[in-house]
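Trainee: Please construct the entire structure, taking both the sequences and the accompanying hints into account.
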Amino acid sequence: MHAQDVLALIGSQLLGTVPVLIALVVALLLVATRREVPRASRIFGLCGFGVFLLAILLSVVGFPLLQVSARSAGMDLETLGLAMAVLSGVLGLLHATALILLAVAIVRRR
158 MHAQDVLALI GSQLLGTVPV LIALVVALLL VATRREVPRA SRIFGLCGFG
208 VFLLAILLSV VGFPLLQVSA RSAGMDLETL GLAMAVLSGV LGLLHATALI
258 LLAVAIVRRR
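So for the sequence shown, my numbering puts the first residue at 158; every next one is plus one.
Each hint should be verified, as a subset may be incorrect.
To be verified - What follows is a list of derived Cβ distance ranges for each label pair: (1) T236 <-> V175: 30 to 36 Å; (2) T236 <-> Q161: 37 to 43 Å; (3) L203 <-> G168: 27 to 33 Å.
Quick caveat, the hints were computed from the structure, so don't treat them as lab data. Quantities reported herein were computed from a predicted structural model and do not represent experimental measurements. By construction, the Cβ of each residue, glycine as well, lies at the ideal position given by its N, Cα and C atoms.
Mentor: What follows is the structure, given as structure tokens:
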């Protein structure tokens, strides 16, 4: 598979996530610039939104790269499915971590 094919796969993944990426960047900027928010809440909020951003970027790049590497390695469909399940599990853990950090940011008083 050529580099253009990889970029096309990533581009197709990225196309659907652009609104979410914009919303996360706006949320990061809002949390970072609001001085009336307690410092601890701001830190947890920044970490939560940052982990969400990381998870989305990892999914946008990870799944296409996994497909390309599986194809070039001659991986069978069962192994590819297992690898995708592992990547999905990691992404699920990242999303859960981000949600917990955001919940802590909301309930944190100081």
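Trainee: Hint by hint, say whether it matches the structure.
Mentor: Structure-based check of all given hints:
Taking the beta carbon of each, T236 and V175 are about 31 Å apart, inside 30 to 36 Å as hinted. Take T236 and Q161: their Cβ atoms lie about 26 Å apart, and the range 37 to 43 Å is violated. Between L203 and G168 the beta carbon distance is about 28 Å. The supplied range of 27 to 33 Å therefore holds.
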